[in-house]
Amino acid sequence: MAWINATPQIKIDSNQDKGQLTLNNGIFERVLKTDVANNAFYSSSYTDLGTGIIHLDEGSYEFAFKIIGKQIMGTHLEKYSITSHTVLLKVKTIAKF
Amino acid sequence: LKVKLSGCAASSAENLDVELFYEFYIDSPVLRKWIVITNKSSSEMILTDLEWEKINYEIAQPFWIPKICTFPDVYAQYGQSVHKPPYIGRTDDAALFVYDYEKREGILIGNEAPSVIKRTSVYSDSTVISIGMGLSSDDFPFRKYLNPDESFTSLKGFLMVSSSEVWQDAFDTGLADFVRKYMGIKLFERDDSYVHLQYLGAF
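Each protein sequence line maps, in turn, to chains A and B.
For reference, each letter of the first sequence is one residue, going 1 to 97 in the working numbering.
For reference, each letter of the second sequence is one residue, going 1 to 203 in the working numbering.
So here's chain A without its partners, still in its complex pose:
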């Protein structure tokens, strides 16, 4: 399996200049973009680090729903201000066998 992680570690990088958050656990990397100019929020890349293939195509919505019939998405049509981002770390008990 290509996703076997040789050097396991979780990294969440915040780059204010590029306006992006990077999630990386050595198996995959997902980059979240905060587009200040357009007040949009979306994923700009999703990479399988085992193969190096970048899977994400342009124009991802990130999420979508309707409020009183109006379409809301991470990109296009709507505008957001990025209020905050918080890294939440949890230590979970893993089952013993």
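No wet-lab data here; the hints were simulated from the structure.
All values reported here derive from a predicted model rather than from experimental measurement.
Check the hints yourself; a few may be wrong.
[To be verified] To give a feel for the contact side, a few chain B residues facing chain A, derived at Cβ under 7 angstroms:
no.: 1; residue: Phe-24
no.: 2; residue: Ile-35
no.: 3; residue: Lys-84
no.: 4; residue: Pro-85
no.: 5; residue: Ile-88
no.: 6; residue: Thr-127
no.: 7; residue: Ser-163
no.: 8; residue: Glu-165
no.: 9; residue: Val-166
[Claimed, not checked] Label-pair restraints from in silico Cβ distances:
no.: 10; chain 1: A; residue 1: Ala-37; chain 2: B; residue 2: Asp-172; range: 33 to 39 angstroms
no.: 11; chain 1: B; residue 1: Gln-77; chain 2: A; residue 2: Ile-68; range: 32 to 38 angstroms
no.: 12; chain 1: B; residue 1: Gln-80; chain 2: A; residue 2: Gln-16; range: 34 to 40 angstroms
no.: 13; chain 1: B; residue 1: Val-36; chain 2: A; residue 2: Gln-16; range: 23 to 29 angstroms
no.: 14; chain 1: B; residue 1: Pro-148; chain 2: A; residue 2: Gln-71; range: 36 to 42 angstroms
no.: 15; chain 1: A; residue 1: Gln-16; chain 2: B; residue 2: Cys-8; range: 16 to 22 angstroms
Every residue, glycine too, gets a C-beta built ideally from N, C-alpha and C.
Given the coordinates of chain A, assemble chain B onto it according to the supplied hints.
Relative to the frame of chain A, chain B by itself:
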């Protein structure tokens, strides 16, 4: 990771707070996600057509060959049936796997919404994959009335990248490990206290 977005004034998202949660693990290819939507207005809002994960995902597109066309298979219903996209996963599709035989690359899409409420879409619109609940046009649509200052927390969904010679590996290894370790679902659990008592009884 929690990302909080606030809708700007004079936009469709005005008076809305959106919180996106991304959860991932040190030894798993799974990335789990859910959304919290809060009504910050003074009147009731109706929430419908919810898809908390919606991205344009190419299964096997090398970044140096843009816009190449691929024809993956969709192994639905935990791998019991195979389809070609576009595909909409509903009641029995808690986990489905999109796999490209040529590149031996795929992505497993999990939807933790219960029963008929869940809706998982694969390439219904270009290369869009989405995880959510029934749309207004579906037989079992999702709808939630949000009072002022009320929040709605979605169910969770997850994506899992997988690269393997056989598609079954995605269900047998990556998904199985995730379900056992992080979803807390397992068929058997060793009772250590019982073993301890037996050990004491020997003396």
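Do the hints match the structure? See the list:
Of the supplied interface hints, the one on Phe-24(B) holds, with its beta-carbon coming within about 5 angstroms of a beta-carbon of chain A, less than 7 angstroms. At its closest, the beta carbon of Ile-35(B) sits 6 angstroms from a beta carbon of chain A; the interface hint therefore holds under the 7 angstroms criterion. The closest approach between the C-beta of Lys-84(B) and any C-beta of chain A is roughly 19 angstroms, which is over the 7 angstroms cut-off, so the hint fails. Hint on Pro-85(B) is violated. Least Cβ distance to chain A is approximately 14 angstroms, over the 7 angstroms limit.
Checking Ile-88(B) against chain A by beta carbon gives a least distance of about 15 angstroms; that is not within 7 angstroms, so the hint is violated. At a threshold of 7 angstroms, the smallest CB-CB gap from Thr-127(B) to chain A is about 5 angstroms, leaving the interface hint in force. With a least beta-carbon distance of about 4 angstroms to chain A, the hint placing Ser-163(B) at the interface is held under the 7 angstroms criterion. A cut of 7 angstroms between beta carbons decides the hint on Glu-165(B): the least distance to chain A is about 9 angstroms, and the hint is violated.
Nearest Cβ of chain A to the Cβ of Val-166(B): about 10 angstroms, over the 7 angstroms cut. The hint is violated. In this structure the supplied range 33 to 39 angstroms is violated for Ala-37(A) paired with Asp-172(B), their Cβ-Cβ distance being about 45 angstroms. The given range of 32 to 38 angstroms is respected by Gln-77(B) and Ile-68(A), whose C-beta atoms sit roughly 35 angstroms from each other. Checked against the hint of 34 to 40 angstroms, the pair Gln-80(B) and Gln-16(A) fails, with Cβ atoms roughly 47 angstroms apart.
Between Val-36(B) and Gln-16(A) the Cβ separation comes to about 24 angstroms, which falls inside the hinted range of 23 to 29 angstroms. For Pro-148(B) paired with Gln-71(A), a C-beta distance near 22 angstroms fails the hint of 36 to 42 angstroms. Against the hinted window of 16 to 22 angstroms, the Cβ-Cβ separation of Gln-16(A) and Cys-8(B) comes to about 20 angstroms, which satisfies the hint.
When each numbered hint is compared with the structure, violations occur for hints 3, 4, 5, 8, 9, 10, 12 and 14.
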